[in-house]
Structure formats: structure tokens, C-alpha cells
Amino acid sequence: MTTQTPEHGPLLEVRNLSVSFPVPGGKLLRIIEDVSFSIARHEVFSIVGESGSGKSVTMMAVMRLLPEGAVVTGQVLYKGQDLLTMQPETLRRIRGSGISMVFQEPMSSLNPVLRIGPQIAEIIDIHHPGQTDAALRARVAELLGLVGVPSPEKRYDQYPHEFSGGMRQRVMIAMAIANEPDLIIADEPTTALDVTIQAQVMEVLRDVRAATGSSMVLITHDLGLVAENADRVAVTYGGRLAEQGQCRDVFAHPAHPYTVGLLQSVPDWRAPIDRELAAIPGQPPNPTNRPAGCAFSTRCPIARDSCTDIRPELAPVADDHMAACPWTRPGEAAMAPPRASLPPRPALSQAEDVLRVDGLRTHFALRTGWFGPRSAVKAVDGVDLQLRRGETLGIVGESGCGKSTLGRTILDLIPPTEGRISILGAPNGSLRGRALRQARRRLQVVFQDPNSSLDPQMSVHEIVAEPLRIHGDYTPARVDELLGQVGLDASAGVRRPSAFSGGQRQRIAIARALALQPDIMLLDEAVSALDVSIQAQIVNLLMTLQRDLGLSYLFISHDLSVVRHISDTVAVMYLGKIVEYGARDDIFARPRHPYTRALLSAVPVLRPEDGAVSERVVLTGDLPNPANPPSGCVFRTRCPVARDLCAQKMPALTGQADGHRFACHFPQG
Amino acid sequence: MIGFVLKRCLQALLTLLGVATVAFALSTLGGDPATLLSSADSTDAEIAAIRTAYGLDRPLIERYTDFMVSAAQGDFGNSLMMNVSATQLVLDRLPATIELAVTAFVLGIGLAFVLGLAIQITQSRLLKGAALTLAFTRQAIPVFWFGLLMMMLFSVHLQWLPTMGRGTLAHLVLPAITLASYELGLYLRLINAGFASEERQEYVRTALAKGQTRTKIVLRHMLPNALLPLITVAGLNLGHLLGGTVVAEVVFSWPGVGRLLIQAVSQRDFPVIMACVVLMAAIFVLMNLIVDLVYALVDPRVRMK
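For the protein sequence lines, the chains are A and B, in the order given. 4 is the number of the first residue of the first sequence in the working numbering; add one for each residue after it. 244 is the number of the first residue of the second sequence in the working numbering; add one for each residue after it.
In isolation and in its complexed conformation, chain B is listed as follows (with noise of 0.2 Å):
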């Protein structure tokens, strides 16, 4: 088990250098950021200048090596935009996407749950065909079109909740709403794909010849195989929400990590995106992680290896 940890580790390490590279390649192969700096009647000796002063005139090895050397040390420089530290700038908007992923995740996972299983434990036909077909259309629907009628009806028609920022409780609600409501539907199907294909499993043949109850069958003995395919999704999912929730984000003004990236990108404001698609590799990379280990806890057989 210590070998398996240990071997992830170095695994997600490497995952990360992968990263860092990449984003340091496209920075420079993505336009050149002097020009950019600079106003359109800058002269050719005022970007000159620019570049010195950012360093960018330095062999590319040279500064590939700084890059990563202050990478792993969480720094990516200051932003070209704000001038203040990149990386700060992003901790500082992490808070408000990790309350706004971990509530949206907790509420369409937690009900996605109690739904699937009350539709396993009562085996009703109406419920799994209302809540399926609920599902389905809320997942049809994009997220910026659904925040937009819920902002429509809830904030303009209604005047229930805010429209846009971030602050209390009720600011917290439509955004929380539009992305749990799609999580909702997606855990939904994959609960109910796991437990089809769970029914037709001879131990559940067992469980039924040894004169076992339908409730008991559903919760002790496909639950937790059911939940295995569940957990990799989950996992990974949880890391593409903490990572920014890009559209809501901008749709419900929330100034977290997504909507930061948005305007970094329109600026070209290289050491926030850098700082960005780094951390969200890093939270990536660490779900994984933890996916890995927590499915050696669940099953069994995955341990033994």
C-alpha cells in the first residue's frame, strides 16, 4: 500500500512538470507579450525596453529553468495587468470557487444519491422516468442560459435573490443552483447506469435465493459496487469545478479563480494564466490522487495489487 501511494505520488509530480511546461511553451509561442505591454504607438526602442525590463530578451533555456525554479517555489512573477504578485492574486480568488464548486458538487451528488436510491429501493417506474427525464433537459440546457432564466425569474421577476457578486448567503443560491442542478443530472444517470448494471449481477441472484429484502439488497450488497465507477467521476469532476467554474463564474459575476482567468487570458496577462492553469493542474492532479486511494479503500481487489 506504501509502494502504491508513494509510485502515485511521483506519478502526479511528473504530471505537474508536464504541465508547467506546456503552459511556459504556449506563453511564448502565443504572441509576444512586449508588444502587448506596450501602447499602440509605443516605438520600436520603447518594447525593447519592455522586454529588458520583463527579462524576455534572455535565452529560452534560461528562462525555462528560472520558470520552473520559481514555479516550485509558487512563484510565477507579478501580473503584467495589476503588478502584484500572480500567485496571490490567485489564492486570494480561490475561496470564493471553492465555496461556490464544493456547495454545487455536496448538493447534486447528495440528491443525485437520495434519488437513486429511492428509485432502486422503490423500483418505480414514474420516479425514475420523471427524475430521468428532469435530467436530461436540465442537462440540455447550457449553463450560462439556464443562470440567465433562473436570474430572470428569481432576481427580476421574483426579486428573491441578487443578480451578480458574491457576499452572503442568498448571493450564494442561483449560481450554487445552476451548476448543482446540472451535477444533479449527470450523477443521477451515472447512479442509475451503475445499478442496472449491478441488477444483473449473480451475487445479487445470491442475495435474492438466500431470501434477503429488496431495501437490504439495494443498500448492503450493489451500493457499494454501484458507487465504484461513481467514484472516479466524482473525483475527477470535483477537480473541473475547483479548478473554476468558467461560465458561471462570468454569468453571476463570482470572483473566483474562473472569471480571473477570463480577463487574465483577454490581457494576456502571462503570469496569472501561468499561475492558474498550474494550480488547476495541481488540484487535478491531487483528485486523482485521491480517487486513487479512495477506490483502494472501497474495493477490495484494486488493494490486493
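Isolated chain A (complex conformation) (with noise of 0.2 Å):
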């Protein structure tokens, strides 16, 4: 590098960072607001915070890789150099070679046309020219086996399509730490991957900072990803830093009320289900509407009328620990308020099943050429369950498992290959016409992306209203009843979708699948977009409307937290099998399949002490291509327990007399 400066003193100091984008009307709309902090060498530096609340363009700006217009003020000191003000050729030698960066999307982060092996042998060229190709292949091929890049050699020559999520990421960290930078950036890094194979990439970054010693910035929302692996951590509040400090001091004795429900609103492994989650109410402020005061303001259970007003500074609250809430007193009762508990429901074991499934196949044609021979993609391959009256049954697993697949199916939105849906007794295929009009009123869906699955056009009164008009039974009052059923006021239906922040669209989509009285409802993915406070406010509301309504949930996520604190019963599923089936405890606190117990340990947890299996098995490999499945077992190929016997049969889901069921030949614990 060009610059010396002393060795000791903060590698990167960010002093008063704003940054404001233009807007329509020739105004600028401030994004980032008076942002400070610092990072010391070898230190990992954690930025936490829900989506908008500028944890991303912070970074950004620091990079200078905003988008044109973008007004950035302030300072970025890096080895007490101002990068804000520093020529662009200068910063261009800083650019991946003392500062490097991980995105969040490492398929549209790649450039698709190139190869890999240029792609990452390009940064060190810029860096250090002049070397042979030679010299740059065997330098590349050392850093993809770093990253753990099985047969570097072979893969050099191959594109980003031909890689899985898990390895482009890799590639990506092959990238940024080919010139051995200070500082490493790492925005949402494993926000798009499955959670085994985040805990292969969090591995692979904490082995080469080991190995070169060097910063990092860990952008995320998951605040246990923070616990396991940031020193210190800042929380975003609506562009604005509510408060930062060591780890650990943050998480144990936190200060600022957000803070305080932000780590509430995780499901906590160890709560009694019998409770609310910990919602932060109301939504987060858009840049347009924030407060003049603090941020949080309009949120907070500890709110005084001055604080609409007056915008409290970051303070020391303890050595190293700095909050921005003049009113703060940590751990006072008041900023956690008791959490409501639900109430009881009749026991399950009496009541009658709403659902049955039985042997359940679901399988896509799939030609390899034009002349190629015809095979199938297993995506559901005999699949038994049942759900009951008042019960939810979670089914868990990694993109690919076959969950979504599976519900589509119940749907009747695909197909069946084989195998019998039964809904309240009425077998699939029975029914024809009206009856089965009829029939389908009994199971309503929510999907994952309220942005997508509520046509933008129509008003939200109308969006209620469609289902009820199709089976004649509109009325205007049934419409806000239902509005009123999901926390909305009646009012709210004379907007559009665009009008409303992500949870409250969620509660409109539920509201739409309520508006028929359903027996049963298929949440997939339900509350998977939202961030963590609102999150907690869907599920609270989901459980309350299953109380009141006596309605059956088969909830597919692959949040192992939520699914943990929504469930009854649990079906985890790997390559389109279950794999484990039980009652919620069994499955989390007495896994039996390898599979589960390698999901349930790679969750990054908040609470150390709360991890259902204390040792984290971290898996190899890759979910095989389902097209062409492992013989014998399907997870032997990544199994650490597999043997001989496992390549030759498939072990049958068979279990104990209380309903626990698994299927694997050494069954563990």
C-alpha cells in the first residue's frame, strides 16, 4: 500500500457519515444520518439492522459506491487517509486490494459471461500486473482450495451458472481476500444461502482472517450470525446508529428500547410456547416519515413527549458501550414489557385429521438433449402425513428439500404422480365441479411475497373481497371484519398494496385467505420476508387467529426458530423424503436423524446455551441434484455417520411408539 501510518489507531474510522439521494422535485432525501464508529485491526465489526435501516448504503458510501446523485458528507478514515475526498485513482488501488467486498447475491455479483478463474484472477492483476498466466492460474487454483473449491484445476474454466449458491460464494471470498486486504466487507453474505451451507461459508471466512489477519464488516439482519462472530456491533435504526459496543456487552445488558425488542422479537429456544413473541408494534419509519426527534420514537414503550423532538446523541452508557436514548436505563423492566400469553387450545390427540397424505410422489419430466433419455426430478417422493383439527405442522428443509412442492400439491396447483390428498375426508380426484368448488374453500394459502401475490392494481378492499364474490357471499361488512381480524382498520381498504410496509401486506394476504372460514391454511414461507420485529407480530397474530378460528397450519419455512415456536409437530425434508417426523420436542430437543441434527446446529443462535445440539456439525458438500439422487440413503452423501450399508438401502421411516419417526439406519442420541 501507499500509505503508512502508525500501526495502532483504527484501521477505518467513520466520522458524522450522512447521505442523502435525490428525489422527484429536485429534493434530497436523507438516508444516512450522522453515522460514527471505528474498526480496529483483526476486529470483526458488526452492522445489525432491518431492511431500510441504511445497514447496506453505509458501507456503500464508505466504498464510494453509491449510485450517481448520491450526496455523501463526512469523513472515512482509512489508515488516516479520507476516502471520501481521495483521488478516484487512489481509491481505485484501495478497491480490492486493502479494502475488498462480499455481496449479498453472489449469482448476479458474478459477471455471467466470464469464467471463473479470470473473473478472480482479474483482482490480482489489477493489483500486482504483470504476472504470467501461469503464475495467476496456480495463484487462483491455491485460493478457490482455500476457500474449500473441490478440483480448483477443473473449476478455473467454468461458469457462475455451473456453480451452486454456497460455492459462487466461495468464489467470492476467493476474490476479496486475493490481495490479502486489511479489510474485509461482507454485506449479507450468507443471507441467500441455505443455513448448512452459511455454515460452511461463515467457516470458510473465519479460517482466512485467520489466515491473514484481516478486518471485517459483517452486514446482516440475523443477530445470532452477530453473536457467533462479530467483537463489536452497531444497531441501525431508521439511519441512524441506536447503539453500539462490544458484543457481547450489547446483547447481554443492551440499552436502547430497539435494541431491547429487536432481541426479544427472536424466537427464543427456550421460551415456553405457550407465550406471544415479543413484538416491537407498529412498522419502521421510511425515510420519508421519519420523526424529527428519534427515529424510534413512534415504537417505543419508553417514549417521552420530547422525544418526537429533540434527536438524543449517542452516549456512553458503559466502558466501550454507547446508546443513543437519553431515558435508557439498562435492563430496567419497563423497556421489556411482559409478554401476553396465549390462550389454551383443546388437546390435540382427541381431534379428528383435517389432512391426510399418503404416499405422495410428485415428480417432473426432464429430458437431458433433444435425443437424451427421459428422467424425472423426484421433487416429492412418498410423503405420508397428517395434520389434525387446531394443529400446525411445520415442515422444515433447505431449498430443494421438495417443501414447497409438497404444498403446492396439496394445493391441487400441481399434479399428484401418485399418492392420496384427503381433505376433511374427501380423497383428491373425488370431486368435480361445485362439490369441488366447494371443497376448496377448505384450504386457503399465504405465500411468501406479499409484494407478488397481491395483484397492485386492485384496492385491498377488493383484493378481501375477490374470494368472497366468487362464492357469493360479498358483503362490504365482511370485508372490514376481516380487515379488523388481522390488525387492520377498515380504512385501509380503500388503499393499494403499494400503500402498505411488507408485514402489513402480509396481514392483507391473510385477511384474503380468511375471508372463506377455512378448516386449514398452508403458510408457505409466510413470514420468511419480513424482518425480525414484524416477523414476531405475524406469528403472534397467525397463533391468536388459530385459537379463535380452530384452524390447522401447515407451515413450510426454512426458519428453524419460527417453525420451533409456531409448531405442534415438525416434518423435516431432505431431496423431496422426510427425513424426521415427530412432535416439535422430540424433533428439537431429541433429533434422531444425522440430517436434523446438522440443521439444528448450523442455526446461528443469540443465546449460546440455547443450541439444541451443543456441538455444531457443519456438513460437506452440496444438496445433491435431485435428478439424479444418491442410491440408498439420499443424505449418505453428506452424512458424517454414513456406512456401506447406507449406499445400498434406503432406511424406511419407521420410529417409536410415541410418534417419533426417522429414516436412518444408525439413528444417533
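Any given hint could turn out to be false.
As the list claims (entries may be wrong) - Derived contacts from chain A toward chain B, CB cut-off under 7 Å, selection only:
1) Arg95
2) Gly99
3) Leu113
4) Tyr162
5) His164
Said to hold, decoys possible - A few chain A positions that, by computed beta-carbon distances, are all more than 10 Å from chain B:
6) His130
7) Leu345
8) Pro347
9) Ser352
10) Arg440
11) Arg445
12) His464
13) Glu484
As the list claims (entries may be wrong) - The calculated label-pair distances, taken between Cβ atoms and stated as ranges, are:
14) A:Thr135 <-> B:Val349: 29 to 39 Å
15) B:Arg457 <-> A:Thr76: 50 to 60 Å
16) B:Leu257 <-> A:Ser455: 31 to 41 Å
17) A:Ala368 <-> B:Ala268: 54 to 64 Å
Don't read these hints as lab results, they were simulated from the structure. Note that beta-carbon positions come from the ideal geometry of N, C-alpha and C, so glycine has one too.
Assembling the complex is the task here: the two chains are given apart, and the hints tell you how they should meet.
Encoded structure:
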């Protein structure tokens, strides 16, 4: 590097950073306001916050990577030099060499038409030009090996689309460490990945940091990930820092009411299930309607009148621990209101089955090439399950495990290849015409993304009214009643979905699903796209509705913490099959299948003592190609305890008298 | 890849079959050629004789089968007007059309490329504004009018270039510029739109974060991606041009396929019309095939499928 500064003092110091974006009408909209922090050498500094809190924009501003037009003020001192005012050419030499970045979307962050090897070689060539092709190739292969990409020599000449998500992120990391930078900025590096792959990638990041001694900025919304990886943490809210300090202090003794609320919103692995999650009420502010004073004042349990006018500054509450709240009394009970307990439910054991699935298979025909052999992707391959009235059955698994296909097949959106689906005793195919239409009322669905599942051209009233009109049950009062049930005002009806935040849109989707008074609701990743404080609100709403209306839920999710909180029974899926099935506590406290154990251990936990499985099992490799699954047990290629037998024979889903079943020749525990 | 090529070739063949059938259908629906061939005072007997002479009195199916079999061999019969092979007539005109079309195409796309890259690398708003304004202005003027203006200026007033016909390089200049300037505008806008959408892609941000220079980001990273949509349009457009640059050929009396087609249409010379139409379709289908293959070469994701 061209800079020479004392080895002491912070590596990167951000002083009073503010960012504004131009908006139509020639005005500037303040996105980031007066943010200051510093990062020491070798330290992992985490910026944590919900979407729209400005965490990514902050670091983009630091690297001057914001789109043209953004107005950035303040200072960003890297080894004493201000990145914001330096010549573009000087900055260019620091990018990729002194400070490198890993982005969230590993697919779109790599150039789709260039081979992987040259894309990594490029970053070396930019900063250390003049190396021979052979030397570059050898170094790239070494880097790929270092980040755990198998057969690096062969992979060098492949394209990004030939890599899985986890492998692409390893490539991004290989790029980021190629020039042994002082600082790696990782912007939601594992958000797009499955939890077992996330564990692999975080392990790679830890290893390369240990090898190079670089500092890291970890930008994330996942508090567990912060707890497990960061030395220090800054909590962002509404474009400002709410709190910062040593990670351990902040998590153990949160001082800002927002941090308290955020930490409490995360489903607690130990908390009794009969209580609501501690949601933060209200909606997060967006930059156009932030209060003049404290951005959190509208949702804060201890706010006073002055909070809406006077902007609090970060002030020390302890050694190396600051919070932007003048009223904070760390540990004060008022900041953590007691959680309401949920009304009791009738015992499930006598309840009738509302849904039965027997031997269900959903295969997709696949042909490789024009004259190629026919094969099939066995998305769902022999699934049995029962759902009782008033019960929540959680279906968990990583992407590609077939959980969504299972849901869609049950909804009759995809025809089953084989097997029986009985809804309230009526098997699939037995109904036609009017009877079928009536039967469909019994099963309703809420999808993951309320942005695309609600028609943007329709008013909220019309959206909720549509199923009622189809069945001839429409009255305006019924729509208002439904909106009330999901916590929206009847006046919301005249507006369009775009006027609402993500959590409110999901409430609208739930109101629409409730309209026909179904018995069963299929919730397909229904809370996965929401921020944790809003997610808690929706989970509470769902649990209350279930108790009030006697609903049965099929809750499909990859988020194990939420599944644990909401489910009575849990099915774990892997490559189209259920590998373990049982009561919630069987799965979470006494998992027997090695995959379930690995999955549970991979979840980053906020409180280390929470983990169900004390030792982390990091699975090797990726999910096998579903069109060509392994022989015998489909999990054996990644299984830490697989033996010869596993390659020969598929274990049956068998188990104990209490209903806890698992498909493994060598069950654990 | 071989399967992919075979499949595309089969599709191309089917398309040609369809075009030939439609052309034949139009020739039977579009009026009676026998009446047209006869003079105004011909008797019914004379017209009937013409009908027999040209085989127009035979059943439709028979005529269709004959037509398709001959067409497959490149034979569309003799021109009704000139009594020479229609296919030969078209092939004689083809070099002139290719000369004009290829010149205009290369000139237009080449200049658009140079300008487009210059705009991206310099990021000059002035250059971009000026180039796009000129492109829009030119595209707003119809080819025949622009051609006439060029002729007025360079042939009539300045007397630098001939007004019509084909022969020397000087003859080529005006029609080629007339067409190329239109093409230039089209491609320049496409290239700019392509770059604008690539500019927002995350791999560009990755390249910036690597410390790459603007020039190399444009050339190495954005260009191959921005080219993809251009390949489709350029290929189809070249097919269009080769099928006869009708208006320009008429304005500058350029002896190409387009002008031949116009003459044939006005005289209801069906063998010539059909030869022209089928040839144009063949060129168009061929260009489509080439576009698909080039696409597969450039984009690894397409190659995989």
C-alpha cells in the first residue's frame, strides 16, 4: 500500500457520515444521518439492522460505490486518509487491495459470461500486474482450494451458472482475499444461502481471516450470526446508530429500547411456547416519514413527549458501549413489557384429521438434450402426513428439498404423480365441479412474498372481497370484519397494496385467506421475507387466529426458530423425502436423524446456551442433483455417520410408539 | 449442441414450407393471372387458352403439389412478363441488394459501436446527448425523404455524386448512407439501452470493488453482456435488409431484389413474386438460425440448455 500510518489507531474510522439521495422534485432525501464508528485491526465489526435501516448504504458510501447523484458528507478515514475526498485513482488502488467486498447475491455479483478463474485472476492482475498466466492460474487454484472449492483446476474454466450458491459465495470470498486486504466488507454474505451452506461459508470466512489477519465488517439482519461472529456491533435504526459497543455487552445488557425489542423478537429456543413473541409494535419508519426527533419514538415503550422533537446523540452507558437514548436504564423492566400468554387450546390427541397425505409423489419429467434419455426430478417422493384440527404441522428443509412442491401439490396447483390427498375425508379426484369448488374453500394459502401475491392494481378491499365474490358471499361489512381480524383499520380498504409495508401486506394476504373461513391454511414461507420485529407480530397474529378460529396450519419454512415456536408437529424434508417426523420437542430436543441434528446445529443462535445440539456439525458439500439422487439413503453423501449399508438400502421412516419417526440406519442420540 | 443445431434446422425448414404455402395461397386468391395476361379486349376463348397454356385450369391440389416440388428445386416457373426463369431473374438482382445491404449494415453497426463505446468509456453526457439527438432526428425522417434530400444536396447542388443506378463506388455512396444512417440510430439506441441496463448489474459493482478501471469494466465486463440483445436485433435486421431494401432501391433506382419485387407486384407477375418472397423468407430464416448459433457461442448459459 502507498499509505504509511501508525500501526496503532483504528484501521477505518467513519466520522459523521450522512448520505442523501435525490428524489423527484429536486429535493434530497436523507438516508443516513450522522453515523460514526471505528474499526480496529483484526476485529470483526458487525452492523446489524432491519431492512431500510441503512446498514448496507453506509458501507457502500464508505467505498464510494453509491449510484451517481448520492450526496455523501463526513469523513471516512482509512489508515488516516479520507476515502471520500481522495482522487478516484488513489481510491481505485485501495479497492480490492486494501479493502475488498463480498456481496449478498453471489449469482448476480459474478459476471455471467466470464469464466470463474479469470474473474478471480482479474483482481490480482489489477493490483499486481505483469504476472504470467501460469502464475496467475496457480494462485487462483490455490485460492479456490483455500476457500474449499473442490477440484480447483477443473473449476477454473467453468462459468458462474455451473456453481451452486454456496460455491459462488466461496468464489466471491476467494476474490476478496486474493490480495490479502486489511479489511473485508461482507454485506449479508449468507442471506441468500441455506443454513447448512451458511455454516460452511461462515467457517470459510473465519478460516481466511485467521490466515490473513484482516478485519471484517459483517453487515447482516441475523442477530444470531452477529452473536457468533462479531467482536463489536453497531445497531442501526432509521438511518442512525441506536447503539454500539462490545458485542457481548450489547447483547447481554442492551441499552436502547430498540435493541431490547429486537433481541426479544427473536424466537427464544427456551421460552415456553404458550406465550406470544415480544413483537415491537408499529411499522419501521421510512426515510420520507421519519420523526424529527428519535426515529424509534413512535414505537418506543418508554418514549416521552420530547422524544419526537429532540434527536438523541450516542452517549456512553458503559465502557465502550454507547446508546442513543437519554432515558435508558439498562435492564429496566419497562423496556421489555411482559409477554401476553396465549389462550389454551383443546387437546390435539382427540382431534380429527383434517388433512391426510398418503404415499404422495410429485415427479417432474425431464429430458436431457433433444434425443436424451427421459428422467424425472423426484421433487416429492413418498410423503405421508396427517394434520389434525387445530394443529400446526411445520415442514422444514432447505431449498430444493421439495417442501414448496409438497404444498403446491396439496393445494392441487400441481398434479400428483402418485398418492392420495384427503381433505376433510374427501380424497383428491373424488370431487368435480361445484362440489370441488366448495371443497376448495376448506384450504387456503398465504405465500411468501406479499409484493407479488397481491394484485397491485386492486384496492385492498377488492383483494379481500375477491374470494367472497367468487363464492357469492360478499358483503362490505364482512371485508371490514376480516381487515379488523388481522389488525388493519377498515379505512385501509380504499388504498392499494403499495401504500403498505411488508408486514401489513402480509396481513392483507392473511385476511384474504381467511375470507372463506377455511379449516386449513397453507403458510408457505409466510413470514420468511419479513424483518424480525414484524415477523414476531405476524407469528403472534397467526397463533391468535388459530386459537380463535380453530384453524389447522401447514407451516412451510426454512426458519427453524419460527417453526419451533409455532408448530406442534414437525416434518424434516431432504431431497423429496421426510427424514424425521415427530412432536416439536422430539425434533428440537431429541433429534435422531443426522440431517436434523446438522440442520439444528447450523442455526446461528443468539444465546449460545440455546442450541439444541451442543456441538456444531458442519455438513460437507452441496445438496445432490435432485434429478440424479444418490443410491440408498439420499442423505448419505453428506452424512457424517454414513456406512456401506447406507449406499445400498434406503432406510424406511420408522420409529417409536410415541410417533417420533426417523429414516436412518444409524440413528443418533 | 448438435441436437440443438439439428432442431433449429428442422424448424427453419418447416418455416420455409409454411411461407411457400402462404405464397401459393395468395397467388390463387389475389385475382386471376390469366385475365391480367390478356389484353382488355381479349375474348373469353383467348383467356381460356392462356389459362390452359399456364396450367391454371388444373385442380388446386395438383397445382399446389407441382408448385411445392418445383419450388423445392428452385424452380418457380418463368416470369409472366419477361418469359425468362423467375429464379434467374431474382438471382441476377441479388448481388446488387447484398452489396447495398451489407455496406449499410456494416457502416451503421460499426459506427454505432464506436460511438456507443466512446459514450460509455468517457461517460460524457454531451456526447451521449448529441449522438442520441441526431439519431432520433434521422430516424424521424422517412427513408424516401432523406434519400431525396441527400440527392438534392450532393447530386443536384454539389454535383459530387450520381443520382441513380449502380456501377461505380460513387453510385453506392448515397443509398448506403441513407440506409446506414437509419441503422446507426437504431443500433446506437440499442447499445446505449443495453449498457444502461448492464450498468445497474451487480457484477459491475463487483468489478468496481475490485479496483478495475472504467475502460476495462466497459470492455471486459459490460460489453459481452450488452451485446447479447444486440445480436438478435442485428441478425433479424440484416435479414430484413438482404430481403430487399425496397424504398431505397426505388428512390435511387438501385437494381436490386426490392425493386424487382415492386415491379413484379404491379404487374402481377406471380412466379417472380413467389421467387422473391421465398428467397426473402429463406434469407430471414437463415439469419435467425445464425443468430441462435452465435447466441449460443457468446452466452454460456444458452449453450448449457
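Verification of the supplied hints:
Checking Arg95 of chain A against chain B by beta carbon gives a least distance of about 5 Å; that is within 7 Å, so the hint holds. With its C-beta approaching chain B no nearer than about 4 Å, Gly99 of chain A sits inside the 7 Å limit, and its interface hint holds. Given hint, Leu113 of chain A at the interface with chain B, holds; its Cβ is 6 Å from that chain's nearest Cβ, closer than 7 Å. For the restraint placing Tyr162 of chain A at the interface with chain B, the shortest Cβ-Cβ distance is roughly 4 Å, inside the 7 Å limit, so the hint holds.
Here the hint on His164 of chain A is kept, as its CB sits about 5 Å from the closest CB of chain B, short of 7 Å. Taking the minimum C-beta to C-beta distance to chain B, about 6 Å, the non-interface status of His130 of chain A is violated against the 10 Å cut. At the 10 Å boundary, the C-beta of Leu345 of chain A stays outside the reach of chain B, the nearest C-beta of that chain being 43 Å off. At the 10 Å boundary, the C-beta of Pro347 of chain A stays outside the reach of chain B, the nearest C-beta of that chain being 50 Å off.
Once the 10 Å rule is applied to beta carbons, Ser352 of chain A is consistent with being away from chain B; the minimum gap is 52 Å. Every CB of chain B is more than 10 Å from the CB of Arg440 of chain A (nearest about 39 Å), matching its label as outside the interface. Even its closest Cβ contact with chain B, about 41 Å, leaves Arg445 of chain A beyond 10 Å, as expected for a residue assigned away from the interface. For His464 of chain A, the non-interface assignment is confirmed: its Cβ lies about 36 Å from the closest Cβ of chain B, beyond the 10 Å cut-off.
The claim that Glu484 of chain A is not at the interface with chain B holds, since no C-beta of that chain comes within 10 Å of its own (minimum 44 Å). The hint said 29 to 39 Å for the Cβ distance between Thr135 of chain A and Val349 of chain B, and at roughly 38 Å that hint holds. For the hinted restraint 50 to 60 Å between Arg457 of chain B and Thr76 of chain A, the CB-CB distance of approximately 25 Å leaves it violated. Evaluation of the 31 to 41 Å hint for Leu257 of chain B and Ser455 of chain A yields a pass: the beta carbon distance comes to about 37 Å.
In this structure the supplied range 54 to 64 Å is violated for Ala368 of chain A paired with Ala268 of chain B, their Cβ-Cβ distance being about 38 Å.
Hints 6, 15, 17, counting from the list given before, are not met by this structure.
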